[in-house]
Amino acid sequence: MSLFFQLFAGVPMNEMDTFPLVPLGCWLFPIGIYLLIIGFRFGMDKQNRRFVMVRCGWIQKWWKHHFLRSLLYGVFIAGSLLTVFKIIDLFVLQMFTGNLKEISTIFVLWTVHAMTLSVLFLLLETLKIKKMIPAVILLLEGLTFLSGFRFKESAKFMFGSWGMYVQSNLYEDMYGFSIISVIIVQVTIIMVCYLLGSYLLKGKEMEGV
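Counting in this note's numbering, the sequence shown runs from 2 upward without gaps.
Please keep in mind that the hints were generated in silico from the structure rather than gathered at the bench. Be aware that a few hints might be false.
As the list claims (entries may be wrong) - Below, in silico cross-link-like pairs of lysine to any residue (SDA-like), each with a Cα-Cα straight-line distance of 20 Å or less:
no., residue 1, residue 2
1, K157, M175
2, K62, L201
3, K129, L196
4, K153, K129
5, K102, I180
6, K157, L141
7, K102, E173
8, K157, L202
9, K65, V167
10, K157, T189
11, K102, T84
12, K87, G26
13, K129, L201
14, K129, L202
15, K129, M45
16, K102, L91
17, K62, L125
18, K157, T19
19, K87, L101
20, K87, F97
21, K62, I191
22, K131, L201
23, K157, T145
24, K87, V167
25, K157, T112
26, K102, P13
27, K131, G33
28, K62, Y74
29, K157, V186
30, K87, F77
31, K129, Y200
Could you put together the complete structure from these sequences and hints?
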């Protein structure tokens with residue numbers, strides 16, 4: 002099994018009869034890297050927020066600018082991580098595994114899931130729990146996945162499995178989630194996070210952001 006598949010495809014159903022410590026650790030490893038990178042970037046952006054706020058004129062306009070910019074940055078980082086590990090597979094480990102459809106599906110599912118994680122990060126920032134955000138998101142990811150650990154029928158409804166190709170109906174016919182449905186739900190979460198963040202910031206001064 003290639004490194005790319007181990008890190009980004011998720012935990013297969015046939016490994017869920019025993020506690021999937023190693024596969025789950027492999028899944029959370031690139032997510033942890035992703036959260037650290039976007040957290041560092043968001044921290045750098047914070048230094049320029051007052052200037053951007055003055056230019057935007059009001060906080061809701063700033064939030065829209067910040068949200069969209071951060072979302073696009075998250076897509077770039079997700080794509081970069083996926084590409085780097087695929088290159089390692091091809092040119093360092095020389096593992097030429099996986100067809101184009103499989104690789105493309107992994108790219109799409111992981112990127113959309115990463116986008117959802119990044120907007121949750123942004124939303125939690127507005128709640129002033131900045132230092133705990135990566136830990137909170139990793140716990141959400143791990144615990145929701147483990148909630149479907151005992152009962153395979155419920156796994157498809159768990160947030161922590163939604164980025165996993167091997168938990169999708171393309172890989173697992175009986176218990177896999179519908180890719181289209183999961184993408185729609187995650188896009189809806191992104192939109193709700195934007196609206197909720199705008200509401201939470203309404204009336205606040207920039208110092209409190």
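For this session: Verify the proposed pairing of K62 with Y74, using a straight-line Cα cut of 20 Å.
Result: holds (18 Å)
Exercise. Is the hinted pair K87 and F97 satisfied, with a Cα-Cα distance of at most 20 Å?
Worked result: Holds, at roughly 10 Å.
Exercise. Given the proposed pairing of K129 with L202, does the C-alpha separation stay at or below 20 Å?
Worked result: Within the cut-off at roughly 11 Å; holds.
Exercise. K131 and L201: Cα distance at most 20 Å?
Worked result: holds (15 Å)
Exercise. Regarding the pair K62 and L201, is the alpha-carbon distance no greater than 20 Å?
Worked result: holds (14 Å)
Exercise. Does T19 lie within 20 Å of K157 when you go C-alpha to C-alpha?
Worked result: With a Cα-Cα distance of about 18 Å, the restraint between K157 and T19 holds, given a limit of 20 Å.
Exercise. Are K157 and T189 close enough, with their CA atoms no more than 20 Å apart?
Worked result: holds (17 Å)
Problem set entry | Holds or violated: K129 to Y200, with C-alpha atoms at most 20 Å apart | Holds, at about 15 Å.
Exercise. Going straight from one Cα to the other, do K87 and F77 come out at no more than 20 Å?
Worked result: holds (15 Å)
Exercise. Hey, K87 versus G26, does the alpha-carbon distance stay inside 20 Å?
Worked result: holds (19 Å)
For this session: Compare the distance between the alpha carbons of K102 and T84 with 20 Å, and conclude whether the hinted pair is satisfied.
Result: Holds, at roughly 15 Å.
Problem set entry | Satisfaction of hint between V167 and K65, Cα-Cα up to 20 Å | Judged against 20 Å, a Cα distance of about 34 Å means the pair is violated.
Hints 4, 8 and 9 from the earlier list are contradicted by this structure; the remaining hints agree with it.
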